[in-house]
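Chains as they are written, first to last, in the numbering used here: chain A, 3 to 97; chain B, 2 to 180.
No wet-lab data here; the hints were simulated from the structure.
Predicted model, so just to flag it, every value in this text is computed and none were measured.
Where a beta carbon is used, it is the ideal one built from N, C-alpha and C, also for glycine.
It cannot be assumed that every hint is accurate.
Covered by chain A, per the in silico footprint, the following chain B stretches (three or more residues, Cβ under 8 Å) [said to hold, decoys possible]:
(1) 4–18
(2) 90–102
(3) 124–130
(4) 155–163
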Amino acid sequence: MRLRREDEALRAVANEVLRILEPLRSGRSLQLVEADVEIPFARTVTRRVSAGRGGGRSEVSLLADDIRVSAASDIGWLRISITENRAPTVRVERA
Amino acid sequence: MTALSLRELLGILVGDLIVAEAQAAKATTDFLREAGFRGGKEATDDWGELRFVTFSFRVQDPDGEKVRTIRVPLLSLLPVPLQQIDQAEYEFFAKVNDVTKLEPPPKGRGALGSSAYGLAQSFTDLVCEVAPYSPEPAPDSKRAVPKIRIRLTMRQADLPAGLSSSLRRIEQASGSKTT
Numbered sequence: 003m004r005l006r007r008e009d010e011a012l013r014a015v016a017n018e019v020l021r022i023l024e025p026l027r028s029g030r031s032l033q034l035v036e037a038d039v040e041i042p043f044a045r046t047v048t049r050r051v052s053a054g055r056g057g058g059r060s061e062v063s064l065l066a067d068d069i070r071v072s073a074a075s076d077i078g079w080l081r082i083s084i085t086e087n088r089a090p091t092v093r094v095e096r097a
Numbered sequence: 002m003t004a005l006s007l008r009e010l011l012g013i014l015v016g017d018l019i020v021a022e023a024q025a026a027k028a029t030t031d032f033l034r035e036a037g038f039r040g041g042k043e044a045t046d047d048w049g050e051l052r053f054v055t056f057s058f059r060v061q062d063p064d065g066e067k068v069r070t071i072r073v074p075l076l077s078l079l080p081v082p083l084q085q086i087d088q089a090e091y092e093f094f095a096k097v098n099d100v101t102k103l104e105p106p107p108k109g110r111g112a113l114g115s116s117a118y119g120l121a122q123s124f125t126d127l128v129c130e131v132a133p134y135s136p137e138p139a140p141d142s143k144r145a146v147p148k149i150r151i152r153l154t155m156r157q158a159d160l161p162a163g164l165s166s167s168l169r170r171i172e173q174a175s176g177s178k179t180t
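The task is simple: from the sequences and hints, build the whole structure.
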């Protein structure tokens with residue numbers, strides 16, 4: 003499955019990762035103190051004939067196979083960081 | 002290698018730490034029982050009698066030489082192996098094979114252990130495969146190694162208030178009787 007609309011897709015992925023990690027911060031037995039997650043993604047623009055010049059839809063793929071065949075300039079990184087007593091931070095780094 | 006959802010992958014790591022803690026606690030209990038008690042019944046809560054060691058020595062009293070005997074619980078002489086996880090650090094890499102969308106199961110239908118168990122809303126999950134570890138990837142190797150890097154630090158949580166109060170009650174319930 004490819005994720006459509008780049009920003010929305012990356013936000014969704016970051017939210018899902020945080021939905022996994024956030025409950026661990028208040029664990030009853032062991033608790034998460036710090037976490038760093040780096041997720042590579044590949045960006046592609048799908049050209050549509052009906053959209054005319056410059057038209058197209060941006061897609062994001064997290065699949066290793068898609069990233070491997072992408073141009074270096076189309077690869078980005080989603081970095082999610084959790085530190086003790088602080089709100090998590092999410093950064094998107096593009097090539 | 003088997004592909005797992007990121008949720009399961011992280012869950013396994015946390016679960017294993019808890020299992021490790023439980024095994025360490027059991028090993029300590031086994032040690033206390035075997036070294037510190039005797040005559041207990043196997044597989045019961047009756048640990049039998051406290052094991053004592055005795056030793057004697059001669060002392061000089063105003064009345065003459067006497068033998069004094071000391072009796073101490075063996076456990077008070079031994080270092081008790083109390084091992085506990087203080088901090089656990091994980092760093093691993095995973096390769097995303099697929100991105101799946103999980104829908105919450107119909108009310109009351111989600112089986113324990115199923116991938117959608119406990120979901121209240123739809124969830125986009127990354128289906129991953131653990132990838133070879135590369136401690137310091139070179140900046141230009143990003144394309145060659147398209148994998149997620151995950152670094153986690155876990156620590157012992159504080160004792161929850163409810164458990165702390167329960168332990169206090171248990172302590173109050175313990176005592177001794179003369180037979």
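| Where does the structure disagree with the numbered hints, that is, which hint numbers, in rising order? | none
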